[in-house]
Amino acid sequence: MDKYLEMIRIRFLMMLAYRTNYYTGILIYSINIGAYYFLWSAIYGEKDAIEGMSVIQMSTYVAVAWMARAFYFNNIDREMAAEIKEGKVAVELIRPYNYLGMKTMQGLGEGIFRLFFFSVPGMVIVSFIFPLQFSAGLTTWIFFAVSILLSFFINTQINLLTGITTFFLFNNTGLIRAKRVVIDLFSGLLIPISFFPVWAQDILKFLPFQGISYVPSMIFTNSFSNNEAIKAIIMQGIWVVILIIPIQVLWIIAKKQLIIQGG
Amino acid sequence: MFYIAIFFQYVAQYMKTRMQYRADLFVEIFSDLLFQAVNLIFILVVFGHTNLLGGWTRDEIIFIYGFFLVPYALFSSFFNIWDFNERYIVKGELDRILTRPIHSLFQIVLERMELESLFGAVTGIAVMIYAGNSLGLELSWADPFLFFLFVIGGMLVYGGIFVMIACISFWADARTSIMPMMYNIGNYGRYPVDIYNSVIRFVLTWVLPFAFVGVYPASYFLGKEEWYLYSFLTPVIGAVFFSFSILIWNSGVKRYRGAGN
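Protein sequence lines, in the order shown, are assigned to chains U and E.
Just so you know, the working numbering puts the end of the first sequence at 263, numbered straight through with nothing missing.
Just so you know, the working numbering puts the end of the second sequence at 261, numbered straight through with nothing missing.
Calculated directly from the structure, the hints in this document are not laboratory data.
It is possible that some hints are incorrect.
What the hints assert, rightly or not - Simulated pairs of lysine to any residue, SDA-like, Cα-Cα distance not exceeding 20 Å: (1) 179/U x 39/E; (2) 85/U x 27/E; (3) 205/U x 41/E.
Given only the sequences and the hints, what does the whole structure look like? Please build it.
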């Protein structure tokens, strides 16, 4: 266990060394939040509420969805692809740890760094520019904290899956890009799931994506009742468990047919 | 003439290299399509809840997006200078470019072109035809020519802004993240400028004129007479920004001292 914690720490420190990159990152996210803020304000127009959400809830949703993305987002699929292509993965497999577990921990170290140096200050800055509403209820914050952690795991597991496909496809840059686009749309980052037409919602219900952005953002904006929030968090937990299965299966197959060329 | 010949030489070489990895090419085009589809789905879903967006109908917004895709596709095919600093300045590749008897910017455009992005123009035109049909837009004899002019204008706006930002590397060594920021600001131009507040509208019109890539020129074809003046300014703004960027580029190249070795 110690070595995994150490990995989180090292990643955190590594990110800390390059922290200036993050100041512009906050600016970029704020620009995106701004674009969607104006769009949604225009969409609401004179309306008080759409699908039970007010304009202020909507702008808070947009802001928190983007800032939370900074926490759960990571590039471990790309890192894995690079390591597999360069043959470095051979060395990784010899080392006395679980490669996938280690990758997850690196992602977590990165996530924790971004949470403190990106999401939190970013949220403060954004709240000065746009009218946002923060919940005062302690339960909301606890639910949000649990939910955001689970969304990190779901997103990371999907990244691991995409990363493992490199073993079979050799070049999956296109797939990685496609995955990112799909997640942005179906996770509810761009539009809350409840805004989709009913038939689409019925399909999305059976996919893990909404556990990534929609659930924590809805909890943060108080758009879920306590009951709904608990149910949604349980769904997230179930997905975290379910996703372990395809990862393990693919991982075993991948290791069997792995051929290292050089390294 | 020489430049045109060189251009086609490069295109031929490019085709050869890309055709070598067909599967990769296919996936790339597919992921581009997916990205465009996501933006369209966004518009469609949003209009399931409202009839007007700042006074614009659904099909008008879709039309604007379709138009935006065409100059943007041209831009991303020929102006891949977002990594100019790392690729040419830090690695000293610019030295190689400068020893050759063709304008340096033109060479970089040729070297870095990604013709598969042109596929986005096809998507854009298809989207425009679809939206134009549902709006019942009529095509006059001048429209194709104006379309061509506006598309070139839009591409030059984008190209001009990005060349200017690339020029920063001639004066400042540090890596900047202004490039990705610009890509995100560029997205503002996809939607009608009247939904933004006046400061942003001013910036999008005169400072970083991304509105001239989407809304303004598209307004002409949508028959929005209040924007006609801006529509016809598109090629002017494009020419001004791009010429200005070339001037900065040229003086930047004069300043260039190489990265050692």
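Results of checking the hints against the structure:
{"no.": "1", "hint": "179/U x 39/E", "verdict": "holds (15 Å)"}
{"no.": "2", "hint": "85/U x 27/E", "verdict": "holds (18 Å)"}
{"no.": "3", "hint": "205/U x 41/E", "verdict": "holds (18 Å)"}
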